[in-house]
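A.B. asks: One-letter residues, chain by chain:
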Amino acid sequence: MTLGSVVAAAEGPLVAAAVVAVLLAAAVAWKLGVRAERRRQRARLVESVRRLDLPAPTAGGDGPEPLVAVLERAVRDLRAEGSVSAEARARLQEALDALPQAVLIVDDAGVVVDRNAAAEAFVAARHSDALVEAAVGELVDAALRGEPASRTIDLFGPPRRVVAVTTAPLESGVGRTAVAVVDDITERRRLEAVRTDFVANISHELKTPVGAIGLLAETLEAEEDREVTERLAQRIQDEAHRVGRTIEDLLELSRIELGQVVAPEPVSIGDVVQEAIARIRPAAEQARVTVTADVPADLTIDGDRRQLTSALSNLLDNAVKYSEPDSAASVEIRAVGRDRDVVITVADHGIGIPTRDIERVFERFYRVDQARSRQTGGTGLGLAIVRHVVANHHGSVEVESRLGEGSRFTLILPASPAADDTGQGPADPVPAPTPDPIPERL
Amino acid sequence: MAEQRKTFHQELDEIRDEIVQLAALVSEFIPRGTEVLLANDMQGALSLIEADDELDALTLRIEEQCYHVLALQQPMASDLRSIVTAVWLTGELERSGDLMVNVAKAARRIYGAALGPRLRGLIERMGEEAARLMKLAIDAYVERNASLGAALDDIDDTLDQLHRDYIEAIFEAHATHDLGLQPAVQLALIGRYYERIGDHAVNIGQRVQYMVTGWLPEQTGAARLQARTDGEDKAADAGETAAP
Chain A
1 MTLGSVVAAA
11 EGPLVAAAVV
21 AVLLAAAVAW
31 KLGVRAERRR
41 QRARLVESVR
51 RLDLPAPTAG
61 GDGPEPLVAV
71 LERAVRDLRA
81 EGSVSAEARA
91 RLQEALDALP
101 QAVLIVDDAG
111 VVVDRNAAAE
121 AFVAARHSDA
131 LVEAAVGELV
141 DAALRGEPAS
151 RTIDLFGPPR
161 RVVAVTTAPL
171 ESGVGRTAVA
181 VVDDITERRR
191 LEAVRTDFVA
201 NISHELKTPV
211 GAIGLLAETL
221 EAEEDREVTE
231 RLAQRIQDEA
241 HRVGRTIEDL
251 LELSRIELGQ
261 VVAPEPVSIG
271 DVVQEAIARI
281 RPAAEQARVT
291 VTADVPADLT
301 IDGDRRQLTS
311 ALSNLLDNAV
321 KYSEPDSAAS
331 VEIRAVGRDR
341 DVVITVADHG
351 IGIPTRDIER
361 VFERFYRVDQ
371 ARSRQTGGTG
381 LGLAIVRHVV
391 ANHHGSVEVE
401 SRLGEGSRFT
411 LILPASPAAD
421 DTGQGPADPV
431 PAPTPDPIPE
441 RL
Chain B
1 MAEQRKTFHQ
11 ELDEIRDEIV
21 QLAALVSEFI
31 PRGTEVLLAN
41 DMQGALSLIE
51 ADDELDALTL
61 RIEEQCYHVL
71 ALQQPMASDL
81 RSIVTAVWLT
91 GELERSGDLM
101 VNVAKAARRI
111 YGAALGPRLR
121 GLIERMGEEA
131 ARLMKLAIDA
141 YVERNASLGA
151 ALDDIDDTLD
161 QLHRDYIEAI
171 FEAHATHDLG
181 LQPAVQLALI
191 GRYYERIGDH
201 AVNIGQRVQY
211 MVTGWLPEQT
221 GAARLQARTD
231 GEDKAADAGE
241 TAAP
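These protein sequences, in sequence, are chains A and B. According to the numbering used here, the first sequence holds residues 1 to 442 in order. According to the numbering used here, the second sequence holds residues 1 to 244 in order.
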């Protein structure tokens with residue numbers, strides 16, 4: 001036995017013991033490390049739970065698991081809330097999109113961060129809308145400085161519009177932002193104008209002749225010259241007729257406005273046209289204006305003959321009045337069946353209507369040219385009557401006009417169902433030569 | 001570099017947006033001036049004349065922006081053409097606005113003159129046509145639509161025809177003593193202002209063509225002149241050669 005083998009035999013158990021000790025130490029160290037890591041994780045989780053204001057777990061030991069459970073529950077709740085919030089946001093966006101006003105929200109740098117559907121028109125806009133966009137930009141700058149601002153912009157178009165822009169600052173947690181609202185107030189303005197003009201015009205139409213009658217009567221009382229008194233009496237008569245005509249038209253309009261068509265009956269358009277022409281014949285002869293009519297005899301609609309005659313004679317009266325006198329001008333009236341409608345046009349070659357007035361001519365007492373209307377002696381109610389008659393017959397009225405070239409009024413009225421069922425008249429879209437047109441020449 | 005290009009293109013976009021705003025102001029001036037004239041609206045005339053300052057200020061701002069970009073960014077090719085076009089367009093638009101201011105001033109001069117329906121109708125139609133041309137010109141610019149830009153010359157024929165009818169109507173009205181000499185002269189000038197606005201719209205269309213394609217109508221004439229000069233030089237050379 002050598003010395004080496006003796007030492008080896010003696011050290012064997014020692015080495016084994018040392019290895020076991022090292023392994024034990026490593027295991028203990030690992031265990032301690034794991035526990036320390038769990039403590040660190042727990043501390044981090046505790047901190048997270050505290051920062052999120054979540055309730056601390058009351059049971060489940062001192063490991064991280066109860067805290068993880070708390071956090072998992074919080075995540076589930078947040079997801080559910082997020083889903084509710086997305087739904088609410090979608091609902092809010094839908095509501096904003098349904099608004100006729102444009103709504104834009106901008107951040108503190110003036111960048112649009114949110115907008116509704118109506119606001120699309122004012123982003124990278126052209127023409128008139130570009131001016132609205134520029135105004136929004138200016139007013140938003142003011143709002144971002146903390147000053148609410150508003151401006152009304154008149155746009156000449158076409159189409160002519162009035163737009164109100166309002167901005168306000170929004171103080172939120174993320175700093176100052178702003179909201180801008182663009183509202184098209186054209187219709188509101190138009191209705192305001194209609195109301196104020198109506199009040200002014202009706203008082204003018206009734207007060208002026210009544211005032212004139214009073215003054216003329218006073219003068220008449222003091223006048224002795226027979227020739228002058230006769231002239232004054234004639235003037236009083238004229239003014240009285242004028243008031244009478246206005247009152248008659250007002251009553252007629254009132255009846256038409258209230259009446260609708262109580263008992264519609266088949267009305268021959270040819271008969272209505274003949275009657276209307278007969279009514280305006282003296283005026284046309286006096287002004288030397290030719291009236292021609294081209295109306296198929298079998299054209300009928302279900303309606304009120306009196307109302308229809310009134311509407312047509314008002315249109316013809318205007319056409320004659322606003323044709324140049326002694327100019328051999330003509331007024332044409334034409335009726336055709338088109339699909340399920342009867343289309344009646346009254347066209348003249350007179351002075352025409354300015355574009356800006358076209359949409360207002362159907363208002364009561366609206367005058368394109370006050371001075372001329374006084375000369376021609378109209379009451380200012382004719383086209384209002386036409387509009388109401390057409391509405392009572394579930395039809396529509398269109399007007400095309402050019403200054404200096406003339407006007408064309410088109411009445412579109414539903415044809416009589418009986419005629420339609422039999423395939424007669426109105427069903428034919430082509431205005432083919434009619435068997436029995438009514439030629440009327442004055 | 002990428003950041004610098006991005007800024008440059010943002011600047012180009014801003015210039016385009018401001019030109020659209022300038023054009024919108026001018027397009028508004030046209031119906032506004034026409035209404036002032038037809039309605040004998042003295043207050044409206046004054047307000048339009050004063051609004052010209054806004055137009056001038058915006059024109060100057062755009063021009064300065066263009067020069068700023070030219071000096072600092074030194075653009076090339078299509079970018080350079082965009083900036084040059086923007087400078088041209090400000091001039092055309094500002095001049096068109098001035099012409100409507102002239103209409104407002106003329107309306108003040110002939111205040112109270114009775115215009116017949118035919119003349120009024122023609123003024124209304126010239127105003128509508130001039131505004132339509134201006135809007136089409138700006139559509140061509142925003143959409144970079146060279147074809148529309150080129151078509152404006154033909155579209156302008158309608159306004160030219162209206163202008164001829166208008167001048168004829170002035171002569172007729174004057175001949176029948178319905179219109180005095182002074183209002184007749186003023187009205188003739190007004191017609192000329194509308195007609196010139198149409199010409200400015202055509203010019204804008206041509207500048208849009210240049211911006212998109214790099215071609216200007218004048219280049220055809222210049223090329224013809226060059227061809228003639230070259231031909232004459234060759235003939236002279238041939239003559240010199242044949243002389244000895």
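Since the hints were made in silico from the structure, they are not lab data. Among these hints, one or two may not hold up.
Computed spacing ranges between beta-carbons, pair by pair [said to hold, decoys possible]:
id, chain 1, residue 1, chain 2, residue 2, range
1, B, Q43, A, R245, 34 to 40 Å
2, B, G112, A, R279, 55 to 61 Å
3, B, G91, A, G211, 54 to 60 Å
4, A, E87, B, G91, 53 to 59 Å
5, B, Y111, A, V111, 46 to 52 Å
6, A, A117, B, A39, 32 to 38 Å
7, A, E265, B, A39, 45 to 51 Å
8, B, D157, A, D271, 17 to 23 Å
9, A, A217, B, G112, 57 to 63 Å
Ideal placement from N, C-alpha and C gives every residue a C-beta, glycine not left out.
A.B. asks: For each hint, tell me whether it holds in the structure or not.
C.D. replies: Evaluation of the provided hints:
Between Q43 (chain B) and R245 (chain A) the beta carbons are some 35 Å apart, a value that agrees with the proposed interval 34 to 40 Å. One distance hint, 55 to 61 Å for the beta-carbon pair G112 (chain B) and R279 (chain A), is violated here, with the actual separation near 38 Å. In this structure the supplied range 54 to 60 Å holds for G91 (chain B) paired with G211 (chain A), their Cβ-Cβ distance being about 58 Å. Distance hint for E87 (chain A) and G91 (chain B): a CB-CB separation of about 54 Å, consistent with the stated range 53 to 59 Å.
In this structure, Y111 (chain B) and V111 (chain A) meet the distance hint of 46 to 52 Å, their C-beta atoms being roughly 48 Å apart. A hinted range of 32 to 38 Å for the beta carbons of A117 (chain A) and A39 (chain B) is consistent with their spacing of about 36 Å. Restraint check, E265 (chain A) to A39 (chain B): a C-beta distance of roughly 46 Å satisfies the suggested window 45 to 51 Å. Hint check: D157 (chain B) to D271 (chain A), Cβ distance near 48 Å, so the stated range 17 to 23 Å is violated.
In this structure, A217 (chain A) and G112 (chain B) break the distance hint of 57 to 63 Å, their C-beta atoms being roughly 35 Å apart.
In terms of the numbered hints stated before, the structure departs from hints 2, 8 and 9, listed from lowest to highest.
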